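Chains A and B supply the protein sequences, listed in that same order.
Take the first sequence: its letters are residues 3 to 237, numbered as in my numbering.
Take the second sequence: its letters are residues 9 to 352, numbered as in my numbering.
Check the hints yourself; a few may be wrong.
What the hints assert, rightly or not - Here are some, though not all, of the chain B residues that point toward chain A, as calculated from beta-carbon distances under 10 angstroms:
no., residue
1, VAL87
2, VAL107
3, LEU341
Simulated from the structure, these hints should not be mistaken for lab results.
These numbers were taken from a predicted model, which means no experiment stands behind them.
From the three backbone atoms N, C-alpha and C, an ideal C-beta is built for every residue, glycine too.
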Amino acid sequence: MMLILGITTSTSQVGCAIGGHEGVLGSVNSARGRRHAETLTPAIEFLCRQTRVELSEISAIAVDLGPGMFTGLRVGVAAGKALAYARRLPMIGVTSLDLVAFPLRHSPRRIVCALDAGRGELYHAAYRRSPGGVERLTEPVVASPEELAADLSARADEMLLVGDGALRYQSLFDSLRRVEMADVGEAYPLAGSLVQLAHARALREDWINPAELTPLYLRKPDAEINWTTRDGVSS
Amino acid sequence: MTMSNPGRGRILGIETSCDETAAAVVQRGTSVLSSVVSSQVDLHARYGGVVPEIASRAHVDVLVPVVAQAFVEAGLSEVSAGGESAIDAVAATYGPGLVGALLVGVSAAKTLALAWDVPFIAVNHLEAHLYAALLEDPDLEFPLVVLLVSGGHTMIVLMEGHGQYQVLGSTIDDAAGEAFDKVARYLGLGYPGGPAIDALSVHGDLEAIRFPRPMAGDGTYDFSFSGLKTAVVNHVRKHPEVTAADVAAGFQEAVVDVLVTKTQAAARSVGARGLCLGGGVAANSRLRERFLDVCLADGIRGFLPSRAMCTDNAAMVASTAWYRWQSDGPSPLDTGAHPNLGLS
Numbered sequence: 003m004m005l006i007l008g009i010t011t012s013t014s015q016v017g018c019a020i021g022g023h024e025g026v027l028g029s030v031n032s033a034r035g036r037r038h039a040e041t042l043t044p045a046i047e048f049l050c051r052q053t054r055v056e057l058s059e060i061s062a063i064a065v066d067l068g069p070g071m072f073t074g075l076r077v078g079v080a081a082g083k084a085l086a087y088a089r090r091l092p093m094i095g096v097t098s099l100d101l102v103a104f105p106l107r108h109s110p111r112r113i114v115c116a117l118d119a120g121r122g123e124l125y126h127a128a129y130r131r132s133p134g135g136v137e138r139l140t141e142p143v144v145a146s147p148e149e150l151a152a153d154l155s156a157r158a159d160e161m162l163l164v165g166d167g168a169l170r171y172q173s174l175f176d177s178l179r180r181v182e183m184a185d186v187g188e189a190y191p192l193a194g195s196l197v198q199l200a201h202a203r204a205l206r207e208d209w210i211n212p213a214e215l216t217p218l219y220l221r222k223p224d225a226e227i228n229w230t231t232r233d234g235v236s237s
Numbered sequence: 009m010t011m012s013n014p015g016r017g018r019i020l021g022i023e024t025s026c027d028e029t030a031a032a033v034v035q036r037g038t039s040v041l042s043s044v045v046s047s048q049v050d051l052h053a054r055y056g057g058v059v060p061e062i063a064s065r066a067h068v069d070v071l072v073p074v075v076a077q078a079f080v081e082a083g084l085s086e087v088s089a090g091g092e093s094a095i096d097a098v099a100a101t102y103g104p105g106l107v108g109a110l111l112v113g114v115s116a117a118k119t120l121a122l123a124w125d126v127p128f129i130a131v132n133h134l135e136a137h138l139y140a141a142l143l144e145d146p147d148l149e150f151p152l153v154v155l156l157v158s159g160g161h162t163m164i165v166l167m168e169g170h171g172q173y174q175v176l177g178s179t180i181d182d183a184a185g186e187a188f189d190k191v192a193r194y195l196g197l198g199y200p201g202g203p204a205i206d207a208l209s210v211h212g213d214l215e216a217i218r219f220p221r222p223m224a225g226d227g228t229y230d231f232s233f234s235g236l237k238t239a240v241v242n243h244v245r246k247h248p249e250v251t252a253a254d255v256a257a258g259f260q261e262a263v264v265d266v267l268v269t270k271t272q273a274a275a276r277s278v279g280a281r282g283l284c285l286g287g288g289v290a291a292n293s294r295l296r297e298r299f300l301d302v303c304l305a306d307g308i309r310g311f312l313p314s315r316a317m318c319t320d321n322a323a324m325v326a327s328t329a330w331y332r333w334q335s336d337g338p339s340p341l342d343t344g345a346h347p348n349l350g351l352s
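Given only the sequences and the hints, what does the whole structure look like? Please build it.
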């Protein structure tokens, strides 16, 4: 039996879940602020105890790759890589925006996921439903909420806007006629979605080499941005 | 004894507090089976200092390969065929340092401990630097006075026993290593500044320029280095003909003079039986030379850790963890990073 442990820490929430072909066996989710490192390890321990699954029974590790809050994101990716290494397990990486879109897969609308990127910006990507899940239509990008609002206002189809970034800048999107807002319960990537998506990939043996797994930052470190500006080189 | 089953006392240590990603396996605090350090110095060089976000990103990418290498070099396989873990505990630096960098090591270490079903031990980076000397010379006797000098810290610490510290004095502004970096940048010597100034000083006359000795003779064991850079800049403006080598040698002598004089006074006042150096600046050759002179003059047993043990490494983390495990037991799995952790 294939059991997957999933970890998501790319937003202000921390989550972990265990699941397999029976679906999600258990998940722990905490929305109590930015205490990712403090919360995650005890949460995994608790999750294993409550689902009566030993870490030795896990067959793959799935992690939320971001984009998201850099520091939190790294806590989960570092933990996932450590687990995969310690137990010699394959890994699967899933984009945070995919995780937010997945629970809305029954909506006929175009699904637009927008997560808070800080500094007045958003990470976003668009999806539509497809058999058994969602299909990503645009590559994840970082942009201002105003740019996203302008993009959405130019579209003729019906849209469902979701994510903590969408909620943060809700006033910009409220006036858009074809955009419906999803609520706060759907605004964050959930570890349960992660193990479900990862299970489908695991069946296809769509693994990622743990050594090559790296967070999806979408932004350069500040110093590099300054450096390229100073050199007059654009990236 | 609060220690949970110590087994062979084999501890995997992890260090990610700044710009070195390091892992080591140390047995019973003193026997170093392996010590691997992956330096990011090339990634930060063009910025003239450590960029926290770049450091954190690199830690995530290289930590597991560095840990794996530490097992290879120790001649151990992580888990035996029977499923038994080769190590008895996992330790990591949890502060002080860059918060994002620390979190990578702490998160990975706690998870490894959980996966191998062994205790996790959180280690104070400053304490680890103090233990670097004891690791290489376990016969050092207390009370011990340690001069801890690095890019982030400058302090004189009295160590009366395992885990018993008293900070006698510390810098009130820049760390000594920071002063080296700033002056090196001004002189166009690149980053990191310590080794560059050390190398150039060999060609200079250390008495050609007498820079001020800040806070020398003030009766405290505190330091101040921020004014020295200004003194260097002012001197070069007034005397554009000076050679960089003389400036470097004069500056280095001023820093070393204050460090050594105050450490000597501290050692005398507490009746220290041993005197040690620690931290990255302890690799400075002039400081090492003057430090040994003092030990000889005062008849105190001195110990200079090897250069590899002065700079950030994980062997000192694993060694410290062995003593902490015995005195305090394992650390909880909800341990986070403490960027401003002090010595107490």
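A quick look at each hint next to the structure:
no.: 1; hint: VAL87; in the structure: holds (8 angstroms)
no.: 2; hint: VAL107; in the structure: holds (7 angstroms)
no.: 3; hint: LEU341; in the structure: holds (4 angstroms)
The structure meets every hint from the earlier list without exception.
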